[in-house]
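Visitor: Protein chains in written order, with numbering that gives the first Met the number 0: chain A, 0 to 636; chain B, 0 to 105.
There could be a bad hint or two in this list.
Unchecked claim - Just the calculated beta-carbon pair ranges, DEER-fashion: (1) B:A83 <-> A:V634: 41 to 49 Å; (2) B:K90 <-> A:L633: 48 to 56 Å; (3) B:K90 <-> A:R583: 23 to 31 Å; (4) B:Y19 <-> A:T610: 57 to 65 Å; (5) B:H64 <-> A:N599: 50 to 58 Å; (6) B:Y19 <-> A:L633: 22 to 30 Å; (7) A:S579 <-> B:E99: 51 to 59 Å; (8) B:A83 <-> A:T610: 23 to 31 Å.
FYI, nobody ran anything at the bench for these hints, they're computed from the structure. Ideal Cβ placement from N, Cα and C applies to all residues, glycine included.
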Amino acid sequence: MVYFWLIPVISLIAFPVTIVFSRVTQQRAWIIPVFAIGIGLIIYCWALLEYVIIGSYYDNCLHDVFTGSISCHYAINWFMAGVPGTDFLDTSLGFVIDPLSLAVAGLGIVVALMVQIYSIGYMKSDPRFGWYYSVQALFISSMLILVLADNFLLLYIAWELVGLCSYLLIGFWYELPSAKEAAKKAFTVTRIGDVGLLIGILLIWYNVGSFNMSALFSAIDSGELNGTLISVIGFLLFLGAMGKSAQFPFHIWLPDAMEGPTPVSALIHAATMVAAGVYLVARTYPLFVSSDFMMLFVAVIGLTTAIGAALICLFSIDLKRALAYSTISHLGLMFLSLGCFGYTAAILHLLAHGFSKALLFLTAGNVMHSIEELDIRKMGNLKSIMPATTILFIIGALSLAGIPLLSGFWSKDEILVSVVNNRGIVFVLLTMLLVFISGLYMIRLVLIPFFGTSRTDYTDAHNLPVVMIWPLIVLALIVFTFGWLAIYMPGIYHSFGMFLYYGHPEQFHLDPVIAVIALIVTLASFTIGYLAYSKKLDIFTTIKTVLARPIKLIEKKYYIDEFFQLCVDKIMMPLSRLVSFLDRVFVNDKGINGPAYAVNMIGSLLRYHITGKIYVYLGLMALGFLAMSITWLLVSY
Amino acid sequence: MVPLFYINILSVLLFGIGLYGVLSRRSAILIIMAIELMLNAVNINFVAAAAVHEGSGMFSNFDGHIIAIFIITIAAAEVGLALALVLRIFKNKSSVNVDEFDLMRW
Numbered sequence: 000m001v002y003f004w005l006i007p008v009i010s011l012i013a014f015p016v017t018i019v020f021s022r023v024t025q026q027r028a029w030i031i032p033v034f035a036i037g038i039g040l041i042i043y044c045w046a047l048l049e050y051v052i053i054g055s056y057y058d059n060c061l062h063d064v065f066t067g068s069i070s071c072h073y074a075i076n077w078f079m080a081g082v083p084g085t086d087f088l089d090t091s092l093g094f095v096i097d098p099l100s101l102a103v104a105g106l107g108i109v110v111a112l113m114v115q116i117y118s119i120g121y122m123k124s125d126p127r128f129g130w131y132y133s134v135q136a137l138f139i140s141s142m143l144i145l146v147l148a149d150n151f152l153l154l155y156i157a158w159e160l161v162g163l164c165s166y167l168l169i170g171f172w173y174e175l176p177s178a179k180e181a182a183k184k185a186f187t188v189t190r191i192g193d194v195g196l197l198i199g200i201l202l203i204w205y206n207v208g209s210f211n212m213s214a215l216f217s218a219i220d221s222g223e224l225n226g227t228l229i230s231v232i233g234f235l236l237f238l239g240a241m242g243k244s245a246q247f248p249f250h251i252w253l254p255d256a257m258e259g260p261t262p263v264s265a266l267i268h269a270a271t272m273v274a275a276g277v278y279l280v281a282r283t284y285p286l287f288v289s290s291d292f293m294m295l296f297v298a299v300i301g302l303t304t305a306i307g308a309a310l311i312c313l314f315s316i317d318l319k320r321a322l323a324y325s326t327i328s329h330l331g332l333m334f335l336s337l338g339c340f341g342y343t344a345a346i347l348h349l350l351a352h353g354f355s356k357a358l359l360f361l362t363a364g365n366v367m368h369s370i371e372e373l374d375i376r377k378m379g380n381l382k383s384i385m386p387a388t389t390i391l392f393i394i395g396a397l398s399l400a401g402i403p404l405l406s407g408f409w410s411k412d413e414i415l416v417s418v419v420n421n422r423g424i425v426f427v428l429l430t431m432l433l434v435f436i437s438g439l440y441m442i443r444l445v446l447i448p449f450f451g452t453s454r455t456d457y458t459d460a461h462n463l464p465v466v467m468i469w470p471l472i473v474l475a476l477i478v479f480t481f482g483w484l485a486i487y488m489p490g491i492y493h494s495f496g497m498f499l500y501y502g503h504p505e506q507f508h509l510d511p512v513i514a515v516i517a518l519i520v521t522l523a524s525f526t527i528g529y530l531a532y533s534k535k536l537d538i539f540t541t542i543k544t545v546l547a548r549p550i551k552l553i554e555k556k557y558y559i560d561e562f563f564q565l566c567v568d569k570i571m572m573p574l575s576r577l578v579s580f581l582d583r584v585f586v587n588d589k590g591i592n593g594p595a596y597a598v599n600m601i602g603s604l605l606r607y608h609i610t611g612k613i614y615v616y617l618g619l620m621a622l623g624f625l626a627m628s629i630t631w632l633l634v635s636y
Numbered sequence: 000m001v002p003l004f005y006i007n008i009l010s011v012l013l014f015g016i017g018l019y020g021v022l023s024r025r026s027a028i029l030i031i032m033a034i035e036l037m038l039n040a041v042n043i044n045f046v047a048a049a050a051v052h053e054g055s056g057m058f059s060n061f062d063g064h065i066i067a068i069f070i071i072t073i074a075a076a077e078v079g080l081a082l083a084l085v086l087r088i089f090k091n092k093s094s095v096n097v098d099e100f101d102l103m104r105w
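Let the hints inform the model, and build the full structure from the sequences given.
Guide: Pasting the structure below:
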């Protein structure tokens with residue numbers, strides 16, 4: 000378990016090595032990162048077993064007072080600053096192994112491995128193949144550091160690093176203006192949240208005197224921080240989470256991030272990096288739990304985002320963008336769950352969604368690779384040319400729609416239980432609405448591209464290499480089986496809730512009533528979706544004309560992009576113009592050029608005494624000497 | 000023995016003549032000659048001072064004489080250098096009028 004730090008470090012080393020290696024052989028560049036992450040997976044499995052079986056016997060492992068589970072800390076000294084005794088900052092470079100970091104790191108490693116193997120086929124013959132794999136290695140390394148960090152400083156560094164990798168990979172095809180713009184947009188929008196996170200971290204340091212998470216939690220526990228301060232810190236940290244996890248109103252970058260290569264979308268913008276916000280809230284859960292306001296705020300933001308994004312997804316015509324909106328919606332669902340005290344449910348859904356959505360994105364990558372088209376209106380009857388991909392897509396879609404026995408079902412049901420138990424009827428009804436819309440958009444994404452009649456002939460469709468099918472089959476198997484971890488198997492295994500929990504271990508509480516209602520709602524949405532998208536009944540055309548205005552609003556994505564653009568044009572730009580004017584006039588013209596000009600003026604006035612005539616200098620010297628002599632005489636007599 | 004004060008007056012007069020020569024002449028050669036005059040005024044002062052203020056014992060106060068000899072030596076070297084400079088200047092400008100050499104002016 001102590002060697003866990005090797006996993007990110009190996010990938011970090013792989014980053015520069017791959018850059019150099021790709022100069023030698025571009026098409027073999029994948030070897031180093033794939034093996035790095037493969038070794039990482041082996042170390043991970045070993046550490047997981049060690050943790051589960053004999054974790055509590057290690058010296059570094061102790062019972063975490065907040066989560067109640069065993070958490071193992073390994074740290075070395077990093078740097079010290081300040082005066083010992085008074086203002087002293089002793090920062091350690093440490094990582095923590097507890098159920099949360101193990102779960103999220105496991106998701107990251109498995110999906111990264113699958114995506115990197117898949118990319119061998121997908122990115123083949125790309126001129127920057129080596130660079131792609133280098134940044135992938137850097138990304139997975141920073142993601143694991145983010146997950147493992149036990150202090151906020153290290154977490155923040157990794158947080159920015161994953162943002163950088165996201166930027167680099169969204170803008171991977173930087174010849175396209177749209178990719179360039181999307182990369183800049185993603186970087187700028189997440190930066191808004193990151194500023195909040197940074198201020199929050201500095202506020203923690205100011206008030207607690209340490210960057211360590213455990214120091215913060217014990218300060219909260221001992222009542223050192225008052226309620227308002229906790230809420231403010233929680234809000235600032237949540238701002239960072241909102242930016243990274245694409246929550247309303249910062250969700251605008253994620254759909255545009257689909258300009259990057261599809262495997263990147265699968266890994267970074269579906270499974271791992273966007274889940275970092277959820278992870279951050281879960282990691283600092285003691286902070287959020289002690290502020291009722293923040294819990295409600297997290298739940299409300301999550302629910303708003305979930306429903307809003309699901310509605311946009313319902314009318315999205317681009318396959319990848321639709322999946323991106325679905326990702327936003329599910330991240331909102333995770334935040335809703337966290338806001339409803341459903342800690343276990345949120346992380347379970349994070350994992351289930353991560354595997355399922357990676358599967359969906361990679362199948363979308365297959366579609367794109369094969370027919371080079373993303374507009375679902377131009378697709379149809381894809382099952383005739385790519386049956387395996389169709390089946391894999393259906394598995395992923397059904398899992399996220401919450402069909403029983405697939406992993407999405409267990410986590411969604413668990414979230415519903417938390418909502419029912421901890422929030423009012425409004426939340427429950429809206430969540431049910433969300434379940435309905437999720438089912439509807441998933442069936443739409445299955446029916447329109449993969450079934451029905453094809454609108455184009457797929458004569459020039461490319462064949463899919465094997466390397467682009469097998470990783471998907473592995474992911475599909477995980478999607479099938481992962482959810483079973485949630486439930487209790489007598490004699491073999493105690494449920495996921497016994498492994499990862501907040502406060503006290505919990506069994507999986509499958510509420511049959513809620514499960515059946517959710518299932519009925521989902522099946523109803525499937526039926527309606529079938530009637531609407533496959534049978535194309537007239538009544539839906541009527542509904543569409545009646546609801547033309549709201550649908551227009553949804554199709555325009557609630558004008559949030561336009562709103563941000565307006566803010567930039569009307570507030571940011573005048574402000575920056577004013578600042579640049581002040582800078583030019585006062586700082587530059589008066590502050591810098593002014594003194595220089597004055598010196599110049601004085602110099603040109605003074606230069607007239609330099610005549611160049613030698614007797615003038617000599618005469619002045621003699622006069623000066625005479626004056627000095629006379630003064631001396633006068634003084635001495 | 001002539002009192003030191005008279006010799007001082009002589010020295011000051013000689014120095015004044017030298018200074019006047021330096022300030023009023025335009026020819027570089029004449030300026031050099033005037034400078035020599037000023038140096039010799041100083042020499043007279045030194046030698047006189049050394050002669051008047053005798054210490055106890057022989058050769059006890061040779062400071063003034065030694066400095067005078069030094070000054071004579073350095074003046075000889077300086078004249079050599081200065082005449083060489085004047086020669087170069089004359090080759091460049093065909094004139095030794097110092098008013099024409101104001102290149103260091105703004």
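Visitor: If a hint holds in the structure, say so; if it does not, say that too.
Guide: Now the hints, each set against the structure:
1. B:A83 <-> A:V634: 41 to 49 Å: With Cβ atoms ~44 Å apart, the hint holds.
2. B:K90 <-> A:L633: 48 to 56 Å: holds (49 Å)
3. B:K90 <-> A:R583: 23 to 31 Å: For R583 (chain A) against K90 (chain B), whose Cβ atoms are near 56 Å apart, the range 23 to 31 Å is violated.
4. B:Y19 <-> A:T610: 57 to 65 Å: Check failed, 20 Å falls outside 57 to 65 Å.
5. B:H64 <-> A:N599: 50 to 58 Å: Hint holds: Cβ distance 55 Å, inside 50 to 58 Å.
6. B:Y19 <-> A:L633: 22 to 30 Å: Check passed, 25 Å falls within 22 to 30 Å.
7. A:S579 <-> B:E99: 51 to 59 Å: holds (54 Å)
8. B:A83 <-> A:T610: 23 to 31 Å: holds (26 Å)
Against the hints set out earlier in the document, violations occur for numbers 3 and 4.
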